[in-house]
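Peer 1: Quick note, the sequence shown lines up with residues 0 to 454 if you use numbering that gives the first Met the number 0.
To be clear, the hints were calculated from the coordinates, so they are not data collected in a lab. Among the clues, some could well be false.
[Unchecked claim] In silico BS3-like cross-links for lysine-lysine, where the CA-CA straight-line distance does not exceed 30 Å:
#, residue 1, residue 2
1, Lys371, Lys355
2, Lys348, Lys303
3, Lys29, Lys5
4, Lys278, Lys288
5, Lys386, Lys318
6, Lys371, Lys313
7, Lys453, Lys288
8, Lys313, Lys430
9, Lys296, Lys348
10, Lys29, Lys430
11, Lys196, Lys83
12, Lys97, Lys168
13, Lys5, Lys219
For clarity, every value in this text was computed on a predicted model and none was experimentally measured.
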Amino acid sequence: MKYGLKFGIVADDNTGASDAAGMLTERGVKTILVLDASALKEGGSFSGYNALVLSTVSRSLRPEEAYAKTASAVKIIKNLGINKIQIKYSSTFDSTPKGNIGPSLDAAMDVLETRAATVSPALPVNGRTTYFGYHFVNGVLLSESPLREHPLNPITDSSLVRWLQYQTKRRVGLAPLNIIRNGAEQLKAFIENESSKGVSYFITDTIEQNDLSIIAEATKDRQLISGGSGITAEIPALLFKGAEKPDYDKRLSAISRKTLIVAGSCTPMTLKQNMYAVKTAQADIFEYKLDGIEVLKGLVNPEKTAVRIIEKAKSMWDKSECSADEIDGHAGHGNTAAMGILISTSAEKKEVDAVKEFGKSLGYTPEETGLKVREALASVCAQVIEKEDFGRLVVAGGETSGTVCRYLGIKSLEVGLPLEPGVPYCFTTSKPEMLVVLKSGNFGSEDFYLRVQKL
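Using the sequences provided together with the hints, build the complete structure.
Peer 2: And the structure:
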């Protein structure tokens, strides 16, 4: 069934973009993920797709930069003739009191000349819920969760009404659960009434996925919506009725299982995933930890580091008795089935603070320190891929994925199906085809990297 290009998403980082795109493909919507807007300007053909997700990598930008990048992205999507647009941000509302969510929403409102938009970050399947405007992660207030210690976007207030109001001059209000549970028509009327009184943004209470279904129905005639991937999941039922989930098994079987993992996230889940990957007997993952302080001292040579990593990894693989059969019986891939390299800057809070403090002594802001470390990590990754063949790439961390994809020249990806909620696999649109997984730091199970190899 042909639908044409009917839905566009502007996401503030690559993993969030991937998360939303996976929600669409799982529901039969053929989706292209654009990581670099120049891919559109270079005449990339997207005629076979139903939805386009454009990443701006604007989450940690200054407010005026986030506004400009979002405005440009919305204009691009609008000029493609797409009439339904979502501003996508994290289900944990990753931002600071200055932005970037407020400036991004303001940019979309200005470009589309609309006066109201819903704000729906909840993702119940992953434990992200909103009640009385307060946001929770697995039942814990956002400001009391590990997000309070986020190195770039620490959340210190769980009231999304207040947190968003800090970021915008437009008025922020609440669409409470009792209004939403009374159905789409009442919610639609509530938004119309309150927006006529000057409310521009409506934080929507959400406890269950069905609440998001009601919100999507109530806003189906609005050009602009915003939120996490939970609201994205409700769009196919409105715009792409009858779409069927594709089968990628044959395509996956043709791709080598040798995997490069790049981890820049410092979330507890990524730290667990890193530890599991190197300790499991089911795969031979060589780990190399890139020292942030050495990066700041200028002691990391990407090419020499890559050579050293590959040599040590091959030495480990040569001694290994781990076979393809031990991972899942796909012996056709030879000894590469369970092999991998993990390059990481992930660290506990104490180590992260030490790197930030050293950066401060050199005159860097925390954001500048983070960027320098990410760029070093991405540069080493690019050198490793240039010198060694890999069939699969996993990147953990939203900011990290943006930098790594830029260094590798990955401008667009065809989105496959979710491995787990919020984390789909993708395929490069250039040859040779590579499997790419961009993972938010908080997402995925402990054995996630191994699951990528098992595909």
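Peer 1: Hint by hint, which ones does this structure get wrong, listed from lowest number up?
Peer 2: Every hint satisfied by this model.
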